[in-house]
Amino acid sequence: MAEEHQHQIYLQPIPVRIWHWINAFGIVTLAVSGAQIRFPEYITLLGSYKSAIYLHNTAGFVVAISFSLWFFYYTFVTRTMANLYVPKVEDLKTGLVKQAKFYFLTYFLGWDNPHHPTPDSKFNPMQKSAYLAIMFVMMPLVSLSGIFLTNVDPLRGLIVMIGGLKLLAGLHFLLACCLIAFIPTHIYLATMGRTPTDHIKTMWTGWEEEEEHDEKPETGGVTSGH
Amino acid sequence: MKRYNVLNSLWLGLLLVILALPLSVAAMEMEDCLGCHSDVDEVGDDLFIDEDKFLPTEHAEMGCVTCHESVTDEHPDDGESVSSADCLDCHEELGSEYMATAHAENASCSDCHNPHQVHGIEAVSGPDMNQQCSQCHEDVDVMDSHSQWLPQASLHISKLPCITCHTSAEAYEIVLNITQKKKKSEGGKGYRFSTYDDLKQYSNDKEIQQLIDIDGDNHISLAELRTFNKNPEYTDLHLSGTMVPSEVSHDLSTLDNRYDCTFCHASGPGSMQTSFVAFPTEDGRYQRMSVAEGAMLDTLYGTPNFYMTGPTRSAAMNIIGLIIICGGFVMPIGHGTLRFLTRNNRKH
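Note that the protein sequences, when read in sequence, are chains A and B. Going by the UniProt record's numbering, 72 is the number at position 72 of the first sequence; the sequence numbering is gapless. Going by the UniProt record's numbering, 128 is the number at position 128 of the second sequence; the sequence numbering is gapless.
Please note that the accuracy of each hint is not assured.
Unchecked claim - Under the rule of at most 30 Å between Cα atoms (straight-line distance), these lysine-lysine pairs were calculated in the DSS-like manner:
#, chain 1, residue 1, chain 2, residue 2
1, B, LYS347, A, LYS201
2, A, LYS98, B, LYS347
3, B, LYS347, A, LYS101
4, B, LYS159, B, LYS181
These are calculated hints, taken from the structure and not from any lab test.
Only chain A is shown next, with the shape it has when bound in the complex (with noise of 0.2 Å):
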């Protein structure tokens, strides 16, 4: 086991592999039934409508707790949570340049990736700044929404005063198209590790190639953990 993993370091832990496959597993099903439950007239996927309603709603139920353990794991347990997603004063004077510029220009020229992922320093800071919008602003905000969407009798008053149910429901649908939006970008990232693979398979079975072994590495963490 130390000899198979000695150029390699651990980077995705196990609760975070495992938050990751449900919520992307989840997120696909609420896309689907989502759409389903929009335009029921064209989409008919999950066969009647009452069934993408339940699936939409236990979908977003699971995603919604995965993503509370996923808060309480990074918070409590490992309390790295602000090193990991908060960008520092550094990133956004230098590191969001620096990291635009490698990945509209220099990696074109064949140059290494500015940043090197560490378990303390998974993200750059482009990274770092779109996950803080995905996580605790996206993420909240659509599962939110989603809870008051399920309850607007008992919530109603609640509802009123935000501004009305179109409202909430439009907010709940384009904060979905964005994270929906995500989904190709952010696959079309995680093949952009040494070869096209590594990192989903970093995201699966949590060991990453240590860098400083690899003579010219090409890129690195770019999309291979949250």
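Go by the hints and put chain B onto chain A.
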């Protein structure tokens, strides 16, 4: 000339008497009947007619003897029992439809519809319609049986008249009622339907319709709906929408298409075109006013609290959503193409 004027006056007088005679007789008859039957102490509970509720009905316009034709001038001293018309004499089509259902074995027309209080579907609210059903079907039982299969059962039951699903009517329309926050004295949380007097406090010297129909043209435009919904003076009011059948049917069987939700939720935005606002009247009825076609589909402010998953989706929102999702492919396609073209630079 003078004789001519006298003759003219005589003719005119005679004409007025002839025209007014049937009205006065009819009015007298009604007055005679109600003179006793609107006094509960005189006739007892069974024969009491609530004048306030009876007079606004269409049945009242026909006069008492139309249905109770055997009544004589000597009533009640003649000791004869008074005949009552059969509802099916006039409501033949609806009646025969109803008589063919299992309901007819358990309830006659008058068990659900008090003929001295009944109104057409346009003049009653959803909760009023449901009162007929809840005389036999206990609220708890209704909730239990629906919760077993219907998603968001309590929301459906609280928002919809039973007959939206439990009749064979194939088309429906949207009716919006003005509701208002319950005061503490009324039991606190939630909203209730505003009465005429409630709304009069908002409209002051104007007609209550002008709270929404600002230009008074008896039609509500999308702009007027938005203005009402955004008016800070009306924050305690909101429009509560429901679906009611376009035509009344008395076939109370539940059709299969209601069970799989497709009847309403897969009916598409086309089904949301016809809508009305129902304003309460002084006598406790409702009077509908038409709303601009498609107003239910306005993205935010047309009807901010009427949203049905499926048919009320906004086209503008769909386009924005599509653009966002397409944006997610910019990186894989754009970056991926450049990545492919520059692949030789990364062969170390």
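Each hint, compared with the structure:
1. In summary, the hint linking B:LYS347 to A:LYS201 is supported, as the alpha carbons are separated by about 22 Å, within the 30 Å threshold.
2. The hinted pair formed by A:LYS98 and B:LYS347 meets the criterion: a straight-line CA distance of about 23 Å does not exceed 30 Å.
3. Our distance criterion of 30 Å between C-alpha atoms is met by B:LYS347 and A:LYS101, whose separation comes to about 20 Å.
4. For the hint linking B:LYS159 to B:LYS181, the alpha-carbon distance of about 16 Å falls within 30 Å, and the restraint holds.
Hint check: no violations occur; every hint is consistent with the structure.
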